[in-house]
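Start from chain A and add chain B according to the hints.
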Amino acid sequence: LAKTTQPISMDSYEGQEVNITCSHNNIATNDYITWYQQFPSQGPRFIIQGYKTKVTNEVASLFIPADRKSSTLSLPRVSLSDTAVYYCLVGDMDNQGGKLIFGQGTELSVKP
Amino acid sequence: EPEVTQTPSHQVTQMGQEVILRCVPISNHLYFYWYRQILGQKVEFLVSFYNNEISEKSEIFDDQFSVERPDGSNFTLKIRSTKLEDSAMYFCASRRGGPVGQYFGPGTRLTVT
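Chain order of the listed sequences is A and B.
Under the numbering used here, the letters of the first sequence match residues 1 to 112, in that order.
Under the numbering used here, the letters of the second sequence match residues 1001 to 1113, in that order.
It should be emphasised that the hints constitute simulated quantities derived from the structure, not laboratory data.
Remember, it's a predicted structure, so these values are computed and weren't measured experimentally.
By construction, the Cβ of each residue, glycine as well, lies at the ideal position given by its N, Cα and C atoms.
Any given hint could turn out to be false.
Just a few of them, taken from the derived set where beta-carbon distance is under 8 Å, the chain B residues facing chain A [stated by the list, open to error]: (1) 1028; (2) 1031; (3) 1042; (4) 1043; (5) 1045; (6) 1073; (7) 1091; (8) 1095; (9) 1101; (10) 1102; (11) 1104; (12) 1105.
Derived lysine-lysine pairs resembling DSSO-like cross-links, with alpha carbons at most 27 Å apart [said to hold, decoys possible]: (13) B:1042 x B:1083; (14) B:1042 x B:1057; (15) A:52 x A:69; (16) B:1083 x B:1057; (17) B:1083 x A:69; (18) B:1057 x A:3; (19) A:3 x A:54; (20) B:1078 x B:1042; (21) B:1042 x A:111; (22) A:3 x A:69; (23) B:1078 x B:1057; (24) B:1042 x A:3.
One chain only, chain A, in its complex shape (with noise of 0.2 Å):
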């Protein structure tokens, strides 16, 4: 599986656009970058997946350039209750096993 690096936290206000950018230099063709969100005891909540280009949903956006050795979750108009962890995983989930291979994530504190 790729390893991914992203900034360990992040600070915003609320109402802010906040993009989260992952590197991914050694992404294989069949993987697929895929983030997730957490709350403090929580399990993991999928927001977004994507190949290429970009891929939009209710939730977020996500960019990714031509090379595929990088991708940024957008956030639009953020709000105190996306406070949260945030992971980018890369890995091909398309096998029969699919595990994801959790980072430390990036801690974003949305303020007033």
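Relative to chain A, chain B alone:
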């Protein structure tokens, strides 16, 4: 929206005792997982399960651990003889198949005294 459920939410046990953690994955999912998270640390993969057998397991998943899908809905993790260091949140996850995300349950907090 379908959810992964886990029971109990909190389990306290004495060292050396056996515990069984239960999970009900989302009904049309085919791949099942257990992860754990020791307080203040990152989420760690334990085991994946597909087609009624273990597909992959980590070094943590030693002979003290076992998994089972006893019927069409439950997925269990058994720890035969618990140690103090087994104290953690245990998360069950499932996914449908193909390149889609895994969906996690709320977790079981296991406290070994």
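**Request:** Of all the hints given earlier, name the ones this structure violates by number, lowest first.
**Result:** Of the numbered hints, 1, 6 and 17 do not hold.
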